[in-house]
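Please model the complete structure; the sequences and the hints are all you need to start from.
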Amino acid sequence: MAWQEFDQARQSIEQIIPYQTRRAELLSDGFDPYRNPAVTILSWPELLQKFATADVLKTGILDSGLQACLAAGRRCTGLSISVRRIARQRQGNFWLDSLSFRREVLVTGWTFNALIVFLDDLAIYRAFGGQPKIEELSITRNPLGPIQAWGDSVGGLLLR
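In my numbering, the protein residues as written are 1 to 160.
Hints are computed from structural coordinates only; laboratory data are not their basis. Backbone N, C-alpha and C define an ideal beta-carbon position, used for all residues, glycine too. A couple of the hints might just be wrong.
Label pairs and their computed distance ranges (CB to CB) [said to hold, decoys possible]:
{"#": "1", "residue 1": "Asn142", "residue 2": "Val107", "range": "13 to 21 Å"}
{"#": "2", "residue 1": "Leu27", "residue 2": "Leu137", "range": "39 to 47 Å"}
{"#": "3", "residue 1": "Arg74", "residue 2": "Ala24", "range": "13 to 21 Å"}
{"#": "4", "residue 1": "Ser64", "residue 2": "Val107", "range": "20 to 28 Å"}
{"#": "5", "residue 1": "Lys50", "residue 2": "Gly92", "range": "38 to 46 Å"}
Laid out in structure tokens, this is it:
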């Protein structure tokens, strides 16, 4: 489960068919929390905390699978998947960057998160979200360049 793009992650979650897909299938497909650091095991109390608010339970807004799971107690568990693919690339003037006057960093990539809820060993709910495209330009300006960092060091010594 080494997704290189957001759509690959989305497709793997969309292949999970509620009330048909078994936990063993998902573990063999790479959703194993003991082998994949992006996967976290969620217990029933953690799921209850995510979904159970008085208004939601009273009005029946929750998906029927989630309602059944929350009613089942400890037989209800889940997996949380969180993946970040972020690249940082320095841009701009080499000398201004090297001397700490101005640093430009282009941040690109994507983030993905998903939730799979199980009743015993049967997947009964799945959802995903995230940010399919990240593109940010971070600019840090230090008008005094390398001398600017000295102010913090010297100021601390003077105040003693």
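Outcome of the hint check:
1. Here the CB-CB span from Asn142 to Val107 is close to 19 Å, well matched to the stated 13 to 21 Å.
2. Distance hint for Leu27 and Leu137: a CB-CB separation of about 40 Å, consistent with the stated range 39 to 47 Å.
3. Range check, Arg74 to Ala24: about 20 Å between beta-carbon atoms, so the 13 to 21 Å window is met.
4. Checking the proposed 20 to 28 Å range against Ser64 and Val107 shows it is violated: the Cβ atoms sit about 40 Å from each other.
5. A hinted range of 38 to 46 Å holds for the C-beta pair Lys50 and Gly92, which are about 42 Å apart.
Checked against the numbered hints above, the structure breaks only hint 4 and satisfies the rest.
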